[in-house]
Every structure is written in C-alpha cells, then in structure tokens.
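What follows is each chain in one-letter form.
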Amino acid sequence: MIAALAMVALIGCIAWAGAAGGLAFLFSVVLPYVAVIIFVVGVIRRMVYWAKSPVPFRIPTTGGQEASLDFIKQEKWDCPCTTGQTVVRMLLEVLTFRSLFRNTHAEVLLNDPVNKGPRVVYYSSKWLWVFALLFHYCFLVVIIRHFRFFLDPVPACITWIETFDGLMQVGVPRFYVSGGLLLVALLFLLTRRLVNERVRYISLLNDYFPLLLLIGIVATGLCMRYFDKADIASVKVFIMGLVHLSPVSTAGLPSLFVVHLTFVCVLLLYFPFSKLMHMPGIFFSPTRNVPNDTRRVRHVNPWNPPKQFFTYAEYEDEYREFMAEAGLPLEKQPEKAAE
Amino acid sequence: MYNAKAVIVGAVIFAALFSSPFWLNVGKADYKRPDVVLPKNEKECVEPVEYMRAEHMALLNQWRDQALRNEKRVYVSSTGKEWTISLQNTCLKCHNDYANFCEKCHIANSVYPYCWTCHITPEGKK
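Sequences listed follow chains P and G, in order. Counting in this note's numbering, the first sequence runs from 1 upward without gaps. Counting in this note's numbering, the second sequence runs from 1001 upward without gaps.
Everything labelled a hint here was simulated from the structure, so no lab data went into it. Be a bit skeptical, because a hint or two may be false.
List time: in silico DSSO-like cross-link candidates among lysine-lysine, alpha-carbon distance up to 27 Å [as the list claims (entries may be wrong)]:
1. K1093(G) / K1040(G)
2. K1081(G) / K1028(G)
3. K1093(G) / K1043(G)
4. K1005(G) / K229(P)
5. K1005(G) / K76(P)
6. K1043(G) / K1072(G)
7. K52(P) / K1005(G)
8. K1043(G) / K1104(G)
9. K229(P) / K1072(G)
10. K229(P) / K1043(G)
11. K1081(G) / K229(P)
12. K275(P) / K1005(G)
13. K229(P) / K1093(G)
14. K229(P) / K1032(G)
15. K52(P) / K275(P)
Given only the sequences and the hints, what does the whole structure look like? Please build it.
Written as structure tokens, this is what we have:
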C-alpha cells in the first residue's frame, strides 16, 4: 500500500518536475505515442497467447441446475448447455457482473443460539458488486466524454451523454455525476482493501497500484475541471495535435495537465502486464465461456496419440490355429476363415 | 490458435475502438483554435487573458453571487483596477457578439451553458 502510494506520487512528481523543467516534450508527446503502441500491441499479444492455450474439456463453473430430464427445470444462464445460453451468460457476466452478485461474506458468530456455540455464517454481500459496477460504468462514461477532445466537430451523441451526466445543472462548469461517482467508487474499493482484514491480507502491490493510479487520474482530472481549471480550448488544440500526428507544445497548459496525461500513459503502459487484463481476459475464461455439455457431447483430447486397437476379430485371426487346437470356441472355424 | 475467427474479430474491434481518435481524424484538416472575434474598442478585460480563458465561468458565478446576493457591485481585479459588477453593462458591453465570441469556443469544445435560457443573447451591432 505504502509502496504503491509512493510509486504513484513519484510518477506524479516526475511528470510535474518534467513539465516544469523543460522535458514537457518527452512527457506530452513521446510518452503518449509509446504508451498507445505498447498498450495495443501488448493487449493483442496477450490475447493471442491465451488463444493458443488449448481448452480441450468443458470446465465451466456452474451455479445452478444442469439440463437434465424434462420435468427438472434447468438454470439456463447459470448452467448453460447450448452456445446461445452461453452467450447470454457471458453478456450478463460482462455487462452486469452476475457472478459478483453472488458474492458472500463469511463471519464467525461466537455465540450462535442455533449452535449453542461458534458458527460460521454466510451473508449475501452486494457492496463489492454495487461499487464495482458503478466504477466500471462511470469510467466508461468518463472515457466517452473525453472524446470531445479527440473529435471535431463533437458528435451529437457525446453532447447527449454530457447533457444527461450534468442533468442536475450544479455549478459551472457543470458537475458531472459520473466523475464524482467514479472517485467515490474507487475510494470504496481502496477502503475495502484496507479495512477488511482478510482482503488486506491477500492484497499486494499490484492490487493497490492500479487503484491508486486510477485515483490519481480521477483526482487530477476533477481538479482541472472544478478547482485549478485548465483552459479546455488549449487542451483540445494539444490533443488534436496528438491525434493528427502533428504534436504541438504544451505551452499554456497547467503542469497538472501533464501529470494527468502521464498518469493515463502509465496506466496504458501497465495495463497489458497486469491484472487489468481482465478486460479481454473475461472473454477467454473457460470457466465462463463454454457450455456445460460434458454429458451430451463426447469431448476427446485433441492431442491424445492415436489409440492402438486390437479387436476380438483381429485377435481371433492372429491366434485361430492355436485356439482351434486347444478346442476353444471360435466365431470362424479355420477352414471357413481360409476361404 | 484456437477459435481464431472469434479472437481475430475481437482483436480488430478492440484495436479499432481504441485507435478511433486517430483514424476518425485521418484526412481532416489540422485542428485550429476557434478564432473568436475580440472586441474592437476595448483592449483590456477584467482579468488577464489566461485567467479569463480558464476561469471565466467561475468569475461569472462569483459576480452573480456578489451582485445579487451580497449587493456588492464593485470588483477589484488582480491588477487593482475597479470594475462594476454587471453582466449587461460590463461583460456584454464589449463582448456583444454571441455568435462570434462565446459560441465559437463553446461549440468546438462541446460546452452548452444555460446562461441564455434567462439572459438575452447579445447579437452584435447590426
């Protein structure tokens, strides 16, 4: 936790110092291009690596009744048996985090009246699901809203999203609900790691670092919008220079903007090598993306060596004479087989 | 590679979505800062231009609060000059052309403030 905090702070300081100390070109032009290339190539490389791993057998983790006799109701989405049902299951997983919805929280009751002593009790726990969903959708909306800096003229759909996001018309510049909720959700996810002792025990640097990095991105972004404001007309000139492959200098932009940009670039650089790869990874999860049809379809391991069969007919052909001599019963007598 | 078709389709969709800011701009002329028409008869705004570009919306709100809620009608700028706090008589006296001043930057950056649902849009001298 401390190491991750130190790393994010260090990245921020380096970017800040770099922007102030004449290295703005490195941080605002070279780094973004390198980050974008490494992100795209890294993600696709990892996807190909995963796609090369064979999944010869069906290993879905099921959460309900398998397709069975007609009068037993099948849980179609938790235990799919056809491709269509699996697609629905995947969509529910990707869009609504269905498996996280089943999250439980275990607790030991020391004086349980039922047991007259200690007993483990499992409660349904939806908080992680709520805030995970909130974080992912707010992040998506925030990313889509940023396209106003990438496109000219700004498409109407982005303006609609902004209208709905700022529907409460609080303050100027208008407060976007998605940005605020994004920070709240991230802070919850971080607090959960720190407060819940079991989660803290298994949390590592690579759990804290992306969270703190995202908090850094959101905090600098919110700060530039609501507090130490950046001139967005200059921001758009700079960003459009980048996407037109004819970069312009960051002159006139606050150092905070360079810090924000550097955080985003570090996120892109870190992404293909981290647990954030669950974005494409969810589609490659054999515990989710295969139908549970082990009982109705025969699955043969594709790289098994070809079997050497020795059928009874061949056996009899081989040993017919000896079997006849020994008086054993034969399907074909030697004189018939000779014909 | 297993399920090559699906994986390639997925990879192409991913790359296309992520790189959309680049290829959506291919063939378009380089972006230029919208050229707002500055007032001709006045050289100096209430605050320096960098401050006004970033903070004008906050200043407008501050002026609204001071004039209408605190009845304070004098604004002392960072240069020490005194200005009358009034949208109609100070701001819009010089910036009297909505279409060539406010709107140009706002539309380019997808900013749609609700000032003009109440206030009268300045339409310039005809």
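Okay, the hints, checked on the actual structure:
no. : hint                : result
1   : K1093(G) / K1040(G) : 11 Å, holds
2   : K1081(G) / K1028(G) : 44 Å, violated
3   : K1093(G) / K1043(G) : 13 Å, holds
4   : K1005(G) / K229(P)  : 47 Å, violated
5   : K1005(G) / K76(P)   : 26 Å, holds
6   : K1043(G) / K1072(G) : 25 Å, holds
7   : K52(P) / K1005(G)   : 13 Å, holds
8   : K1043(G) / K1104(G) : 20 Å, holds
9   : K229(P) / K1072(G)  : 25 Å, holds
10  : K229(P) / K1043(G)  : 24 Å, holds
11  : K1081(G) / K229(P)  : 23 Å, holds
12  : K275(P) / K1005(G)  : 25 Å, holds
13  : K229(P) / K1093(G)  : 26 Å, holds
14  : K229(P) / K1032(G)  : 21 Å, holds
15  : K52(P) / K275(P)    : 19 Å, holds
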